[in-house]
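Line by line, the protein sequences give chains A and B.
Heads up: the first sequence is residues 1 to 213, going by our numbering.
Heads up: the second sequence is residues 1001 to 1213, going by our numbering.
Quick caveat, the hints were computed from the structure, so don't treat them as lab data.
Take these hints with a grain of salt, some might be off.
[Claimed, not checked] Okay, the calculated beta carbon distance ranges per label pair:
1) B/Asp1084 to A/Asp129: 50 to 60 Å
2) A/Pro116 to B/Ser1184: 31 to 41 Å
3) A/Lys44 to B/Leu1210: 24 to 34 Å
4) A/Gly88 to B/Gly1107: 37 to 47 Å
5) B/Ala1028 to A/Pro211: 39 to 49 Å
6) B/Gly1088 to A/Ala91: 45 to 55 Å
For glycine and all other residues, C-beta sits at the position ideal for the given N, C-alpha and C.
There are 2 protein chains.
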Amino acid sequence: MTSGTRGMSAGSGTRSGRRPGNSGTREAILDAARIRFAAVGFDKASIRSIATAAEVDPALVHHYFGTKHQLFAAALQLPVDPQDILSGFAAVPIENLGEHIIRTVLGIWDSPVGMPAVAAFRSLLASDDPTLARTFLLEVVLKEIRPLVDSPPGTGAKRAGLAASQLAGLLVTRKILKLEPIASMAIDDLAALVGPTLQRYFTGDLDRLLPSE
Amino acid sequence: MTSGTRGMSAGSGTRSGRRPGNSGTREAILDAARIRFAAVGFDKASIRSIATAAEVDPALVHHYFGTKHQLFAAALQLPVDPQDILSGFAAVPIENLGEHIIRTVLGIWDSPVGMPAVAAFRSLLASDDPTLARTFLLEVVLKEIRPLVDSPPGTGAKRAGLAASQLAGLLVTRKILKLEPIASMAIDDLAALVGPTLQRYFTGDLDRLLPSE
Chain A
1 MTSGTRGMSA GSGTRSGRRP GNSGTREAIL DAARIRFAAV GFDKASIRSI ATAAEVDPAL
61 VHHYFGTKHQ LFAAALQLPV DPQDILSGFA AVPIENLGEH IIRTVLGIWD SPVGMPAVAA
121 FRSLLASDDP TLARTFLLEV VLKEIRPLVD SPPGTGAKRA GLAASQLAGL LVTRKILKLE
181 PIASMAIDDL AALVGPTLQR YFTGDLDRLL PSE
Chain B
1001 MTSGTRGMSA GSGTRSGRRP GNSGTREAIL DAARIRFAAV GFDKASIRSI ATAAEVDPAL
1061 VHHYFGTKHQ LFAAALQLPV DPQDILSGFA AVPIENLGEH IIRTVLGIWD SPVGMPAVAA
1121 FRSLLASDDP TLARTFLLEV VLKEIRPLVD SPPGTGAKRA GLAASQLAGL LVTRKILKLE
1181 PIASMAIDDL AALVGPTLQR YFTGDLDRLL PSE
């Protein structure tokens, strides 16, 4: 959504640098970002603190990576800025959100940018410290979903978490384990079969979402 | 179910051996089993072929590990024989199967034997070759579920695969990523919230499960 040219340069270390040591500096910033995001979370990690840890000027972090969301996407080696996708969900009619998310997410996973996205998720799962993956889901992805599905008030976190449990499993079975028949099913079929699961989690009249009095 | 004392010895290399070289032989058998199960699958991998690869007598494989299912559980470093759990599902009324499986599986994951089971699944996910995890799911776990939910005939593989996608995601979010609020929710609550998802996949009147004419 923002700062297109900066976003384009994220993840590429091959273009001609604007100054010597370009790619070493980029890597130092990414390393500092990974450590900082894992230590204090996305919201509390400031560009300034990451720049200090990498021993560069904060302006250079913005120059190389754009927004904090784009820096996080680059630190996770994501091929797309998740904010670009998530910001579109708010405009979808709530009664279609389940199927829409299944179509959007499967469309990305099955596309050319999907393979590095799946590889990034897999390496986060395999990591000894899942903090970075948890931070990404809680403070970037689910943060955008929760307010959309928070009805009655106080149920949004559980609704979004349940949807994450179905989506994570679809990623694992279809793209990592390549479990048949899930791996080969058409997106249309999975949207019709799994979309209602997400929809029930988002808007279903569910007991157990609020603490009993 | 079978051969209790043999099953108990699987996974332990520390007890006093019946002969010198005991633990080296056990490891050689497990290595051969992992290679063979990954290469040809569970059904086609014979105890004889694994014994030949490990350069031991087939009787020694049975002596150390019991049944082929128990050998596979040991090769995957599972703390329990999955067959013991799976064989109980056939006796559950079909209309309760979704909630029953959620309760059973979460009960195991949250129990003392759950941690090594989760660790085993995580290392299979992280492995460069997911064949062993896929074989385990397809030829051991889902093989038992498919015939229970194959109505109308031909839908069992998709129904069981969809259920696997929800269960795998529950494992990833609750036990690997420890994503809140899923990580801390009571089993009763998750059984009530996620059980109906599995139940719909198992017995729901779903379009898209059979190829259209």
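Practice problem: Return the numbers of the hints above that this structure violates; sort them in rising order. | Solution: 1, 3 and 5
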